[in-house]
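Colleague: For the sequence shown, counting from 1, position 122 maps to 398 in the working numbering; every step adds exactly one.
FYI, nobody ran anything at the bench for these hints, they're computed from the structure.
The structure presented is a predicted model; accordingly, all values stated were derived computationally and were not measured.
In this text, a Cβ means the ideal position worked out from N, Cα and C, and glycines have one as well.
Each hint should be verified, as a subset may be incorrect.
Unchecked claim - Just the calculated beta-carbon pair ranges, DEER-fashion:
1. Asp400 <-> Met371: 34 to 44 Å
2. Ile436 <-> Ile343: 48 to 58 Å
3. Glu360 <-> Leu324: 55 to 65 Å
4. Trp351 <-> Leu314: 41 to 51 Å
5. Glu360 <-> His437: 30 to 40 Å
6. Thr331 <-> Gly451: 48 to 58 Å
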Amino acid sequence: MMVDGYNSSKKTDDICEAVCGQQGPRGALSMSRVQCILKGIDLRTLILFLLVIPTCCFGIYLHGQQITYFLRPLWEKPPKPFIEITHYYNENVTMETLCKLHGWGIRDSPRRVFDAILFNNEADMLLIRWNELYPYVTQFVLLESNSTFTGISKPFFFGIHRNKFKFVELRLTYGRIRGD
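Construct the complete structure from the given sequences, taking the supplied hints into account.
Modeller: Here is the structure:
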């Protein structure tokens, strides 16, 4: 605002004057700014801010997983199709020939297979498992703790029943963890 040719940087209440239109003595507004702003908000806007928007936010919070699952096709692509490999097999053909038909070669060394388990107290089931897997497994790995997952103290059961597993001793890696 220009007063006598000079710029005045004094704040004015022109914002509220346009809404309320009431001026008090000496040109000052008779209402406070908050009253003026509240007077300018209509009932529909008030209902929107106090009822509709919080209700929508709460609904999205409760049902967000279903909403995102419903909208999922918008961003997810279908998986790539499988590449089919023709399988050649005949009982009278050597493994080297079968590998060459697939475009592979014979490995220089056989694969190493490990059987690793967490052990609690199921010695009989472990005996059955290791008897079945013995011809195929390179190394057996067993880890045992002196407490259960819930923190209850227990003895090392594998140490008590170790004589049942003499046939695996050369391939066994046994570890104890204190869970106190």
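Colleague: All hints are to be evaluated individually against the structure, with a verdict given for each.
Modeller: Status of the hints after comparison with the structure:
| no. | hint | result |
| --- | --- | --- |
| 1 | Asp400 <-> Met371: 34 to 44 Å | holds (37 Å) |
| 2 | Ile436 <-> Ile343: 48 to 58 Å | holds (55 Å) |
| 3 | Glu360 <-> Leu324: 55 to 65 Å | holds (57 Å) |
| 4 | Trp351 <-> Leu314: 41 to 51 Å | holds (42 Å) |
| 5 | Glu360 <-> His437: 30 to 40 Å | violated (48 Å) |
| 6 | Thr331 <-> Gly451: 48 to 58 Å | holds (56 Å) |
Checked against the numbered hints given earlier, this structure breaks only hint 5.
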